[in-house]
Every structure is written in structure tokens, then in C-alpha cells.
Amino acid sequence: MSQYPLFATTPKAMEGILANEIKALGGQNVREKMAGVAFEGDLALAYRVCLWSRTANRVFLPLSSFEVKSQQDLYDGVKKINWFEHIKPDDSLAVSFSSKNNPAINNTHFGALKVKDAIVDQMRAKFNKRPNIDTDRPSIRVNVYLHNETAQLSLDLSGESLHKRGYRDVNIAAPIKENLAAAILLRAGWPKIAEQGGSLLDPMCGSGTMLLEGAMIAADYAPGLQRDYFGFLGWKKHDAQLWQSLLDEAKQRRDIGLSKMPVIVGFDQDRRTVVAALQHVENAGLAGKIHIERRDIADATAAESWPKGLIACNPPYGERLGDETETSELYRRFGEVLKQRFVGWQVAMIISNPELGFRLGVRSQKPITLFNGALECKLLRFNIEEQTFFEPKAKSQQERIEQISRRTETEQPDNQAEMFANRLRKNLKKIGKWAKQNHVNCYRLYDADLPEYAVAVDVYQGDKTWVNVQEYESPKTIDPAKANQRLAGAMMEIPKVLEIPKEQVFLKIRRKQKSTDQYEKQGESGRFHVVEEGGCKFWVNFEDYLDTGLFLDHRPIRLMIQKQAKGKRFLNLFAYTGSASVHAAVGGAASSVTVDMSNTYLDWAKRNFDLNGIQGDHKLLRANCVEWLAEQAGAKDKPQFDLIFLDPPTFSNSKKMDEAFDIQNDHLHLVRNATALLSPDGVLYFSTNFRRFKLDRQALADLQIEDISAKTIPEDFARDQKIHYCWRITR
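In this note's numbering, the protein residues as written are 706 to 1436.
A hint or two may mislead.
Here are the simulated DSS-like cross-link-like pairs (lysine-lysine), alpha carbons at most 30 Å apart as the crow flies [said to hold, decoys possible]:
id: 1; residue 1: LYS831; residue 2: LYS805
id: 2; residue 1: LYS728; residue 2: LYS1044
id: 3; residue 1: LYS1341; residue 2: LYS1271
Distance ranges between label pairs, derived from CB positions [what the hints assert, rightly or not]:
id: 4; residue 1: GLN1409; residue 2: GLY1167; range: 17 to 25 Å
id: 5; residue 1: VAL980; residue 2: PRO767; range: 39 to 47 Å
id: 6; residue 1: GLU1237; residue 2: PRO1059; range: 51 to 59 Å
id: 7; residue 1: ASN837; residue 2: ARG958; range: 34 to 42 Å
id: 8; residue 1: GLN1166; residue 2: PRO1059; range: 47 to 55 Å
Read the hints as simulated data drawn from the structure, not as lab findings.
Just so it is clear, the structure is predicted and the values come from calculations on it, not from any experiment.
From the three backbone atoms N, C-alpha and C, an ideal C-beta is built for every residue, glycine too.
Generate coordinates for the entire structure from the input sequences, incorporating the hints supplied.
As C-alpha cells, then:
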């Protein structure tokens, strides 16, 4: 039988898989090319590749190659072929044409017309009759690829793309083509797994493509066996007897293969896609061989009778779901399902965003590049074994909190967690006694006492006892999984030691503060609780903001203000939720002005005022404190205050401010402007929590400055003498 030069195309990055297929089918001189494979073989081999290749798109029989510098060159080159050998005058014809880097012909439609004209003119000249044009299923399809000045003229033996197996309903859109699904399975080693009796599971099976391709591989089922059209069927040189013998052989192999099928199962949450998948199984003649049911990924599990094998899927990625957070959460849940229920299985999955692979929390082998259409993707392969598991790094504070919350449901306490619990009990005995004796309802119980447990634990007592836990940012040298394990252990022990429900324990991840983090909302619960301090009541919130609304380390300075406020005019700058103003008013201040830039916190301050029944000359003012102070200090008739509390943030570049604020650089004019508003006997309390802060005493040498930091740090913050600095300043 004559040998032919042949060329099979395949999607980009699948050339190696196709080359292996063609070698296995008997191809000679097999050479990988860009998006295809060149090889040699007889007509039987050409037919076999069309029938058996799982990864090819098309199979071409090259007829000639010629130079094209003009439109006439193209016409003449095509006409040189003796088309009577390939087509009858009453047959049908289609032409596909593509051009790259040829200035003479760069319009594909025009090029196809010139090729068609050359063939038709030759046939009409001899028979006075011309072939019909049929772009759907012609007797022969001619392909011309023009690259630079060289045209490659071929017959398309496949006729239409070989990924069309004949089982898919044309009305069902598929996110993955059949030959890509087959490539994934071949790369994942499914033929060997199937041969050993392993199962195949697609937990997000869609319309069933992965399952059907897996079944056909396992059953030695030729992927082209269901097709009723190939390009060679209308070709004059077609050998019908040879083709029938290959079909008979393929059917026999399929029948034998179907008798020893492994377990193949698919799940999908969408009822319509499950119906479509079942129809495709029916179309492929595989009813009873593939089990498909409607089931959410969260409910995916393997029956005990299923041998462990391969999980292969094309999960939704950003382009399909459209929401990054939703997609990330899907992958996280999928990873948890794999780790909890599929230990011992292998997994192969294709994704477009490698970052999504990390959300699974399972280490993969080296990714393989594949293309889903024009979209570059990565094929991940991994074994579900405990040593491959890891904790994905949280992308946000909320995600980290959710990680810890999930761990508290499953984590078993260890010796270190018990060590933390013992320290908590010890602190509760000592600090709890002190708090009770001093009528302190809100206090710090634990502040990174143990280096392994770098958290702050604050207790708030009202009609219930609540606990606010803040984790200090771990050094980058600490394994995130270990940090999560310790934090989860702490979160489990806290409600036990304090004997409260875990729902009353809240976690915040505290990072180095940037910009206006204090003002950024963290949640939308809207749940507030009432606590008491020094005869004052305050609303606190444990869920929606980074801070609760009450800075516990400032308790002594607030009580000091309350004692000194009677009959005085009080100014509270950078007031936050107005707690110092409430203390001043309850202490008998004649008047107060509470200034802050945030409407949110001024509204909160108003609620605190109302909670304490504060009435009279007590104003809430929304303003940029820096600008307001400068304006008032420069006014001809300056307002006068007997008591001022100045507690600015360390840094702020809020959009509401024209210039960024930095406490170290800006404290001089703040203090100067504040003291300019003091009455002759007035007192300014200036405080900051910036640990590296240096007060410029030399520039303020004309003022009386007393460092009262030690006096204003309460017993429950004694471990951290740098929690804040505070000065008493008079003129």
C-alpha cells in the first residue's frame, strides 16, 4: 500500500500527546510541529488516526507545496493538481484557507474563492459541469495554508474537527472540548489506572465530557466510532472495504472493553447539566456504564465499594463564575472535600489561574500547560495524601478568621494549647480579682504572655461576658499553618476557661496600622452591646470594626478626666466614639466639644451620649481636627477650654484630608494650637500610641510638660509599658 506524507493538527501544547498516539498507531517518521504532528504512513494509518486519535483536530493529506507571490500564483498552483483523481464533477466541495505574512493574499475569504475557482474551472473545462459548494459536509474539503510565500495544499481527511465524537447534543455549550478532556486524562495516567481497576470521578461533571472520554479510554472505545461523517468518505480514492474492516475491528475492541469497565461516576449541582450528561451517555451507547447524579461539591464522596482512582475535572474558573471571591471559596471547599473524603485518590484538574490551585491546600506536581481554546491553562496533578496538605495563605483578614473558625471545629487540643489555657486561668485569678475589686468591667486578660500565643484577650462584661481576641501579626519566619494551629487552639481554650459560649468570643487579625484602618468597616452585623466603665455606659461592637469602640488602655485617663471635669469646658480632639466626652459630661463638665472627621464615629458618640442621658451644652462636631485646631488657634476670638484631650492617630492619609498626617512630624503644631485654646489654668492631656514617638521638648520649652505615662497605664496593661505615652501640658 502506498505511503503518504500526513499531518495531524491538535490544540497548542498537545503536540507531544498526539505524537505518542500516532507512534502507537504505527506512524513513521513522526515529527512534532507547532500545533500539529507530521508523519508518514499508508491509507490504513490515515484512517486509524481519524478513527482512534483522542487528541487530534484534523488529519491532512498534503497534495502539493508551491510558491505564491501573487493571486495568479495561487490559482495556478491549485490548478496544477489533477482534481479528477479526487472528486467527481457532480460531487460537493468546500475550501478552508488561512494566510500568514503574505502581502499578496491576506484575505482568507478571497483566498478560498481563488482556490475554489481553480478547481471548478478545471472540472468545468473537461466535463462542462462543476462541483457544488457545501460548507457543511462536502464530498471533499480542501485546505490551503499560506505562510510567507509558501502554500501548503492538502485534503482534509477528517472533514470536520475530530473532537466532535458524535455523542454531544449540538445545543449544549461545552466549557471543554472532547480532545482536551482526553488529553487531561492521558496526561494524568488514566489508561493505567483504569487497567488496574481504579475508579474515575468528576465531581463537577457538567455535561459529562470528562466522564465520556474517560469511559472511552477505559473501554478501548475508538473516539471516532460514533461519527457518521469523515472527509475521506466522499473522496474518489476512498477504500470503503478497508474502512469497514477498521470499523469492525474497533467495534469488536469496544465490545470487549465494555465488558470490563471500571467505576465511572459524575456529580453536578445543576439539574439541567445532569440531564444533558445523561443524554450524552445514552448517545454514546454507554448507558449503565456511567453513573451521574445531582450532587453539590460539598456533598461529594466515594462509596466504600468504589476502588480508589482518579478524580478528573474542569472546575469553574474566573471566566466562568465571574466572581473572584466566589471562585476562591469554591476551590477552598473543594480542597477540604478532597482532604477529608478522598485520601488515597489521584487528582487531575485544569485551571486558568494558578493562584486558585493554592486555595485547594494540596501540593501538586509540576503543572503542565494546556490551552482551553485561546485561554492558557495549567493542568494540576496531585496525590491526596496527608503529607501533601498545607494551609493556603489567607488572602484577607476575613478569610484568615474563617480558617481559624473552621480549625476550632476540627482541631484537637495539644500540649501547647493547654499551656495557654493554664496561663489564662492564672491571669483570670489575678486580674479578674483586681477587676472585681476596682469595679472594672472591661479589661485585658492576656497580652502575648507566651511567645507562641501572640494574641491579646480582652474581656467585656455587660448583660453577658464577651471576649475580643486580637492576633498580633506573626513574623514571616513563622509557618502560616503553625500560626493558624496555635490561634485555633487559643480560640478553643478561651470559652472553656471563661465558661462562656464560643459565640461570645470574637477574633480580629491586627496588622501594622496603615492609613485609616481604624475607620474601615470589617463587617455588617450591626450588633452592639452595652458595657459600663466608671459609672458611664458605652456601646461596643465586636464584629464590624477593627476596634470595639472603647480603647481599654485609656481607662485611667478617662477616669482622670471625669474627676477633673466638674464645671469645666472640655474639648475632645480625634474623639473616636466620644468615650472621653461621656466621662467629662458624667463628671459634671459645664460644656464639651467633641471633634472627629468620621460621621460613623460621631453617630456612635451621639448614641453614647443618649445612652447616658447627656443633655445641655455638649456639641458633636465633624471636622478635620488638624485644620479645625489651626483655624481656632488663629482666630481673633479664640474659644477657651479648661480641659483638652488630644489623642491623634499615628498616621492618616484619609481622602477627607488634603494632606497626610504623621504624629511624629505634626505633633508640634498640634500641641501648640491646642495649648493656644487653653484657659489660663487649663490642662492639655496629650497621648499617642506610636511606640517610637519622641516628644520635641526643646521646641516646647515654654510649656510645662509632665510625663504621666506610667500613671495612665492600667494594671491589666502592665506587661506593655509602651501601650501608649501621655503628657500633662499647661501653659
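Could you tell me which of the numbered hints above are not met by this structure, giving the numbers in increasing order?
-> 1, 2, 4
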